[in-house]
Structures are given as structure tokens and as C-alpha cells.
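Input sequences plus hints: build the corresponding full structure.
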Amino acid sequence: MFPGVDGFHWTAGHIIFLCLFFAVVLTIALTVISAMRRTIGDFRSHRAIDLCWHADFADLPATDRRCRHELAGRVISRICPNAFDCRNCDKYSEFAVLPAKGMTHDLGLNYSSDRFYHRAHTWVKPEEDGTVTIGLDEFADHLIGRPDSVKLPGIGSEIDLNQSAWQMKKNGKEISVRAPIEGTVIAVGGPKENWYLKLRPRMDVRDPKTLRHLLRGPEVYGWLSRELERLQLQLGAPDAAPTLADGGMLMPNLMDTVPRADWNTVLADTFLEV
Amino acid sequence: MSSTVLTDSRWIARGAERTSFSRFLAWLAPWSAMLTLGVYAAFLCLYRGLNQTNMDNRFAFGLWIFLDLGIIALGAGAFFTGFLVYILKRAELRPILNTAVVVGFICYSGAVAILMIDVGQPLRAWFTFWHPNTHSMLTEVTFCISCYLLVLCLEYIPILLRNRQLRRLPSFLVFEHQLHNLVPVLAGIGTFLSFFHQGSLGGLYGVLRGRPFAFRHGFFIWPSTFFLFILSAIATGPSFLMLVTATVEKVTGKQLVPQDVFRRLGFISGILLGIYVAAKSIDTLIWLNFTSPAEGFAPWTYYIHKPFGTPVLFAEIVLFGLIPAFLLLYRKTAAHRGWLFSAAALACIGVLMNRFVLTVQTLALPTLPFDDFLTYTPSWQEVASFGGVIAYGVIVYSLSYRYLSLFPQPKGEDAHVPRS
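Chains as they are written, first to last, in the working numbering: chain A, 135 to 408; chain B, 335 to 754.
Think of the hints as simulated: they come from the structure by calculation, not from any bench. Take the hints with a grain of salt, since some may be wrong.
Here are the simulated lysine to aspartate or glutamate pairs, DMTMM-like style, with alpha carbons at most 25 Å apart [said to hold, decoys possible]:
#1 A:K307 with B:D342
#2 B:K588 with A:D193
#3 B:K423 with A:D193
#4 A:K343 with A:E292
#5 A:K303 with A:D390
#6 A:K303 with A:D396
#7 A:K235 with A:D248
#8 A:K332 with A:E262
#9 A:K304 with B:D342
#10 A:K307 with A:D294
#11 B:K588 with A:D190
#12 A:K303 with B:D342
#13 A:K343 with A:E228
#14 A:K326 with A:D275
#15 B:K588 with A:D403
#16 A:K307 with B:E351
#17 A:K332 with A:D248
#18 A:K304 with A:D338
#19 B:K588 with A:D396
#20 A:K307 with A:D282
#21 A:K235 with A:D219
#22 A:K225 with A:D184
Here it is, written out as C-alpha cells:
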């Protein structure tokens, strides 16, 4: 039928039919090419990590997306609409002035008041030289104990907020830890040092807005008590009858002491994986 | 909570409750056996030729074409739901969108696979694109189905890339996001392509002047069957989606979509089915009173050959057309789950029956004085290939349901109430 094929000659039918067909094929091809070009553009403009986090955040269960002001008891119920980025929340200043009403009893874990906490169980400590130190919080530390291996980023590498900052392995499980702040890696530590990264933040750490997205004070207690409650349910026997909690302290090295628990789920819930 | 139970839990969406891996494998086993037999039968047909079937030059369309027409009609829910959500902005149907894409993908890929066996020369499949006969309805069908399968693949990719493990690769998730943003374009193309290939599949029968049982007049180059096929497909596609979702709900014991979605789909299906029944009735009356006599055939001669008597015509139009349309539209029956899904099932049986009648009865009836009424029984290879496509569909849907997010997860409330 086409040129080069014996007996071919163009008719109006050929032209209309082939124009329609190739218009459709061209549109499909352009759609795919456009999606690929936009994807490349997102990576070049550093929007990719933010898009990934927003996609992940949208798929988190509602219990993981609670607003910090609910954790502190300032509001009864609120789901965060900003993917935990309080820096761009227009309601932050409205709720932050309300009195906190959460409990602040001792939970048996050391959560220092000079540190800021990310929901994926990392802490950020601002240093006097404008850098920050980042580590795993006590809850995560008690869960994992000493990891079998740690893969840290190279010095000088750029890290975005909520991006996978470093990876660990424990009992065959891969753990990816989200970055609590964006910046350039200037030093790396490890479990022995009790910190993992030192960063030079992209924004001035002395500006209160820079660390606004992280939890502190009564919010930490509200969040942590829910996390402990979740863990207690997840580590309990699946068919056990409901029982009242009798308090107690979180044992260290839980992945080794309770090996038969559903650690895939526990770790996903702890480190905000979807 | 043993380690074997959790073998594939890393691939299952967080918070999604699924049966144990071993039970899932047990569920897949018989379907895999059926698929394997189907693949073997298909191999025999491709390797030894179409003499493996009971079709011949006279009875050239059989079980496979019936299957193709049937699943393409039932798969119309994919393009039609996309059209309703993205073009007509019916956001309330969003919860059913992913499953519509997967069902559409299964139906069209299954149909293309069977067509490849039926044509019998897969290595020469490109001939149809390089030597297209632009006067043939089948050419349009081939082009449109090929393109639409490509569109369905592109619509399926974003669902696939949101798998728990695949999404860990940022490039996949960002590409998914960008492709998802462009899905309305794909939905528009899908609607355009589906309109024409659903129609041309019907038009294919309507232009058979030598087969007066199927021959119809129409509008411009399109016989009335062109429009009837489109109408019946968009009427029953939503019903089939309802049935698939209700079956999955029954098997899993979970409510997957809000009840309102079923009611809305049922209403849409009922309205379109009602229009289809009216159009089909008018078309049948015109054919019986004008078209067929003009071709020299007394209309009732078509129905003297058993089992294709007038009850078949009655069943097609009334039992599987008018009655389900009424049940889907009448408020009391539409509100009752049992009646709603029974009506959807009747509508789906109706469209399958319509395709069967047009394929098999058309070829079975004698058209010349010395012709006999022909009978045809498919060979085991045809039946096994048919079963293979069904098994393929069940397996792909089961895997998609287990590892992908076909239905929205409950996310909880978004309201915020400042404490006074």
C-alpha cells in the first residue's frame, strides 16, 4: 500500500485514515516524551525529592499525618495538609499561640530539650558555628540497637529534606532514614559516635523558621506516647486479648530480643515508609 | 507470625491487609495450570496452523472472535470511566478508576493475544500496518486496538510504579507523577480510539451484504450496528466494573469502594442500557420490515433453525436488556445490593449474547438456496486458549490487587477543630 509497495497509489481514504492514525500515535509519543522531559526537569531543579515526599506523605495512614498542634493538645483533631512543612503552613502562627495541653510525664526515653525532632525518628542539634548535627532518636535506637551495617553519604554531598539520608541494615532488614533538614554533608559519624551526620544547612539555622518543621517541647511527648502505644500493639501477640498497659521502660535492642515480630511493618511505620 | 507468612510483605502496600503468601500461591496454582494449558494450545495453533481449530473457510469466526468481541465490550469500562472522570469531571468515580484501567488492560491485552493466534501468522503481524486496506472496518479495528492497548499500558504504568518497592526509586515515582498529570490526555485519546474500534467491530457485521442476518443500513459509511456496538459497550462496561469490584469485595471480605460509586455506575449503566434497548428495538424492527425483505429474505426464516429461535431475540432485548435497565434505574431495586449486581450481571450476559448471536448465528444461517444450516463446535485447542485468556485475566488482576493500590486506602478525617 505504501510507496515502494507494488500497485500503490494515494487516495483520499488513505490520507484521511493515515493522518488520523499518525496524529494519534504522535500524541501518544509526545505525551510520553513530555512526561520524561518533565521528570528530568524535576531532577535538575531539585523538585524531584519534594515530589516523592509529597507522594509518600499522601499515602501515609492518617495516624502518621497528624498535625503537631494536635500532638501538643492545642487542637482536638487535625491532619497536616502541608506534608509536615510547617514553614509554609498558613495556620502555624494561629495554632502555635494556643496553650499546649498534652501530658509531659516521663516516658523513659531521653529526649533533650536542646534538640529538634523529625517524625521519622531523627534529631537535629544546632551548633554554634551554624552547622547542625543529626542522629537517630532514642526510640529508633532502642528498636535497632547496633546496626549490622551503615551506608552514609559522602562528605560534600547535598541532601534534601525528607530524602533518604543514610541506610542501615539489621537482621537482613534494610532501613532508610529520612533527612530532617536540607544541607551539605560536612562530616559523618555512626552508631559509635551517637550521631550520624553533620550538615551545613541550606538556610540560616539561627532563623527560627529554618527548624520550624521539627517537633519540640510538648509536641515531642504527644508524638512519642503515640509511637510507644503503636509499638506496644505491634510487638504484642497477634491473637492476645486486650490488656491494660502497666507502664515500664522500652527495652534496648528490640529487633534482636523480639525477632518474630513483623519488623517490616514496624520499621515502615517508624521511618515513615509507604 | 512466621517468616514464611511474610515472604512478600515488603511488596504489599503499607496498611493493606492481604492473605498469606502461601494461600495466595494456592489461589494462583489452578489458574496457572489453566494458563499453561492455554499457552500450549496457542503454541499448537501457531506451530501447526489453524487446522488445530474446528473453523473452516465457511465458519471463519468462532469462539475466539466471540471472546474478542465480548471482552472488548466488557473492557469498555476502562475508557468510559476515564472519560467520565477526566473529561466530564465526575470525581465521585475516582475510587473505581485504577481497577477500571487494570480490567481494561487485561481485556485488551487478552483480546490482542487471541487475535494473534487467530490471524495465525504473528511474524507477519506488521503487514496490517504496512499494507492496510483502508476500505476494511477490520483495518480500523486493528489500528485502534493496537493504539488503545498502548494507551492502556501507559495508564497502567503509574499504578504499577506506585508499588511499595518500585516507588523507592525516585525516578520511577517522579515519572509516575508526571505521567499521571498527563493521564487526561491519554483518557481523551482512549475515548477517541475506543469510540471508533468499538463501532467498527459492530460495523464489520453490518456491512456484510452477503449475510442478510447481519446486514444493516445506517448513516453515511457506518451501518447501524456501528452505533449499537458503541452504545452496548459503554452501557455494560460500568456494569462489568461493578461486578468485578463486588466479586473482589466478596472474596476479600472488605468494602473497597463507597456504596455510592456502585449506585452511580448502576445509574449510568441503566440509562445507557435503556437507550441501547430502544435503539436496538427500532433497528430490529427496521431490519425485519424493510432491510431484510429488500434483500429477498422473509424475516422469520432466520428463526426457524434451532437453537436460534425467537426466544434468543427476546432474551437479548428484553431479558438481558430491558429488565436489567429497569432494575438499574428503579430506585428501590437500585438501592438493594442483590438486585443491583444481578442487574449488572444480566446486562453483561446480554452484551455477550449479542456478540455471540452476531458472530455465530450470522455464520450458521444459510444464505443461498443450496446452503445448509451449519453447526460448529470449537476444538479443545480453541477452548483451552479461551480458558488461558480467562486465567491470564484472573492472575493479572490478582497480582495487581495484591501488590498495587487498586482501591483507595481509608485515610481518615481531614477536619481540624481548634480547641476552645
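Starting from K588 of chain B, check that the Cα of D193 of chain A is at most 25 Å away, please. This hinted pair holds, its Cα atoms lying about 19 Å apart.
25 Å Cα cutoff - pair K307 of chain A, D342 of chain B: holds (13 Å)
Decide if the proposed pair is consistent with the structure: K326 of chain A and D275 of chain A, CA atoms, cutoff 25 Å inclusive. Between K326 of chain A and D275 of chain A the Cα gap is close to 12 Å, so the pair holds against 25 Å.
Pair hint K423 of chain B and D193 of chain A, alpha-carbon separation not exceeding 25 Å: holds (23 Å)
Holds or violated: K235 of chain A and D248 of chain A, Cα atoms, limit 25 Å. holds (21 Å)
Are the Cα atoms of K332 of chain A and D248 of chain A separated by 25 Å or less? holds (16 Å)
Can the restraint linking K588 of chain B and D403 of chain A be considered satisfied, given a maximum Cα separation of 25 Å? Distance ~23 Å between K588 of chain B and D403 of chain A Cα, so the pair holds.
Given the hinted pair K304 of chain A and D338 of chain A, is their Cα-Cα distance within 25 Å? violated (35 Å)
Are the Cα atoms of K588 of chain B and D396 of chain A separated by 25 Å or less? Answer holds: K588 of chain B to D396 of chain A is near 22 Å, not above 25 Å.
Given pair status - D282 of chain A, K307 of chain A, alpha carbons within 25 Å: holds (10 Å)
Does the alpha-carbon distance linking K303 of chain A and D342 of chain B stay inside the 25 Å limit? Given pair K303 of chain A, D342 of chain B holds - Cα atoms ~18 Å apart, limit 25 Å.
Under the criterion that the straight-line Cα-Cα distance not exceed 25 Å, is the pair K225 of chain A, D184 of chain A satisfied? With a Cα-Cα distance of about 21 Å, the restraint between K225 of chain A and D184 of chain A holds, given a limit of 25 Å.
Comparing the model with each numbered hint stated earlier shows that hint 18 is the single one that does not hold.
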